[in-house]
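**Q** On the provided structure of chain A, position chain B as indicated by the hints.
Chains as they are written, first to last, in this note's numbering: chain A, 3 to 295; chain B, 4 to 422.
Derived by calculation from the structure, the hints in this document are not laboratory data.
Each residue gets a CB set at the ideal place from its N, CA and C atoms; glycine is no exception.
Mixed in with the good hints, there may be bad ones.
[To be verified] Reference excerpt, derived from the structure (chain B facing chain A, CB under 7 angstroms, subset only):
| hint | residue |
| --- | --- |
| 1 | E97 |
| 2 | G99 |
| 3 | T244 |
| 4 | D247 |
| 5 | S251 |
[What the hints assert, rightly or not] Beyond 10 angstroms from chain B on every Cβ pair, some chain A residues (computed):
| hint | residue |
| --- | --- |
| 6 | A64 |
| 7 | F84 |
| 8 | L170 |
| 9 | Y215 |
[Unchecked claim] A partial selection of chain A residues facing chain B, derived with a Cβ cut-off under 8 angstroms:
| hint | residue |
| --- | --- |
| 10 | L14 |
| 11 | A127 |
| 12 | G263 |
| 13 | T266 |
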Amino acid sequence: MVLQLIINGISLGAVYTLIAVGFAIVFTILRFSNFAHGGMISACAFIGYFFQRYVKPTPPFALTVIFTAVCGIILALAIDFFAYQRIRINKSPSIYYFLVSLTVAILIEQILIVFFGTNMYGYPAVFETQTMQIGSFRIKTMNLVILAVSLSLLFALMILLNKTKIGLAIRAVAIDPNTSRLMGINSNVVITTVFAIAGLLAGVSGVFIGMQYSVYPSLGPTMMLKGFIASVVGGMGSLGGAIIAALFLGLIEIISTYFLGATTTTIIMFAIMLGFLFIRPQGISGKFAEDKV
Amino acid sequence: MKNIYKFVVVLILMALVVGCTAPAPAPEPEPAKTEEPAPPAEDKPTEEVTEAPATEAPKEPIIIGSIQDLTGTASEAGKANAWGAEYAVKVINEQGGINGRMLEIITLDCKNDLNEGINAYRKLVDEEKVSAIIGPPLSNPASGWVDLSEEDEMPIVGHFMDEVVTTNPETGEVYPYMFLVEPGCASQSDAMAKYALEDLKLTKFATLYNTGNAFAKAHAVPFMDYVREHGGEVVAEETFTWADTDYSAQALKIANAAPEAVFLSDYVVQATTAYDALRDAGFEGVILGANTLSLPFANLVKNPVHDVYFLQNYDMLNKDQPCYDLHQAYMEAQKSEYPKANTAFGWDAVHVLVDAMKKAADPTNGPEVRGLLEKTTELPICHGNITIDPATHRPNNLGMFIADYDENNQIRILKYVLP
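Excised from the complex, chain A in its bound form (with noise of 0.2 angstroms):
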């Protein structure tokens, strides 16, 4: 039994970690909580709910994921020109992120509800068995997926920034944009890249997610809510602590749902959200940043 919740908080665990990453990768960098990530799953869910529904012959789910990956990207790299650049030239203050982001995920909500209505959309089936049994435990066929995915993507950002030198470049933007920009980096190569990688994970979560749930308007800034407190308990800014923060929360709201129900649970995970900015606002990576909105 209980080795089955830790089996089914794993895979929760590997949703928010997809959702918790794209978040904590502009904080990283920007140094704000950039709320429009989860209009972004929303847009991207519907982009590959179009794509994988109306196109004949019906596309290859691989690509459906590799399209709306793309979308998510250009999706991205759009809101940072319309609604980020001005204040990044401005140098406005941090607040003026904050406010934008949320405007953005509420403008992108409220689009997809003109065009679409607050309608449910189901993705085709994409596997034959919904689940697997092994031995005496069932695991969930997209679970297992989204569980490989999340991990492999995870491995090549780790690898683009440790070992490339775009990599190089972001990690010295995140640690102090001044001396960086004095060193020859251009900021703006590096703030665009960081957006694009953040659409890139939008796109994925937002097929991902679209599927083991259903595409609704509202999906993305839903599943927000565990990818914030995700990426505070891990230390804001801290992919590595963003990881393991969203496995964390997923096991932990699996075994305590199980155990104390579901009203409880809710008020566990923001008293561990809470508990870590009073006792390690750091978070569990140890990173802290300082500009937090």
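**A** Chain B alone, transformed into the frame defined by chain A:
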């Protein structure tokens, strides 16, 4: 010259006198008293005979409001509801309206929100001067009109199923101007529990519902009460909240409790997630549900649909049913692949209201229409012949259909059950 001045002054005075005694511009339309005969033409002054006789003058239309969720979380249902109400008004007008007076309907959006609902209500009552309101199939916004409707003497007819919108939950007293024209949540749940116990011969049940959703709770609690009172057993009562997106822990707990059936009573978003979580957890028993498990539920779930029984207000695809044409008209007009019960909700609410208005001496008189709504007896609507209980302002003689899905995921009506 002096005489000219005097003449001008006299003219002005005459003009003023005539101006003061001339008929004033027509005031806001008085409530039409259709029963009073118009005065004969010869009684009028000769200079006014050129006007058309009063009996031939077009009668003022009767304006009613319709408040529906057009953009909120339940807009899928709300839009169909609005369509049904407007279509009913069109048909009634084609048949002569209310005793010769045309009906006008003004539809506003409540966005499934209490405050938006109150704003829409105030606009309809204060600005549009409506005579009655067709309510939404949502209890949340409707609950805000309970006191307002009494203050304004404004009859409201709708499908707000939670009983607390029609009767005071503490005293049991009826709210005088609120009328429900379908069975309430408890009656519907009783019908499903009765079917499960008597027809499916099930005895062990579980529930999985959102504690924050009044609609879901108002179904789940009476369901469990009915089961316990009639010899059944509730082996698990699991819940979730609006913030939850994954119900696998609850589903696992239910599967371990080994019920024969699980009752789901949430909106379709949560119901599909709950269904998949239960099947993923290995539960292969019966799923019972509220009318939200109707289409598109079967098209949204990821697991195969089997052993799913749910409530239906109407047998929508049966050509022998009274509102078959209505559902076909909706599907045609909206290019919908399947009918929606809410279309008939709007239709039924308008017809119950119009029946009372037709019997009223003054169809715009709220207290009179309210009194006649209370006396609604065996009125044929899509749901059947409705009789409203004056003690509850809810129907006391309507049952519910029990349905399931066939192998093509099409709705199949199984039985009509009276709670």
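**Q** Compare the structure with each hint and give your call.
**A** Here is what the structure says about each hint:
no. : hint : result
1   : E97  : violated (30 angstroms)
2   : G99  : violated (35 angstroms)
3   : T244 : holds (5 angstroms)
4   : D247 : holds (6 angstroms)
5   : S251 : holds (5 angstroms)
6   : A64  : holds (19 angstroms)
7   : F84  : holds (25 angstroms)
8   : L170 : holds (37 angstroms)
9   : Y215 : violated (6 angstroms)
10  : L14  : holds (5 angstroms)
11  : A127 : holds (6 angstroms)
12  : G263 : holds (7 angstroms)
13  : T266 : violated (10 angstroms)
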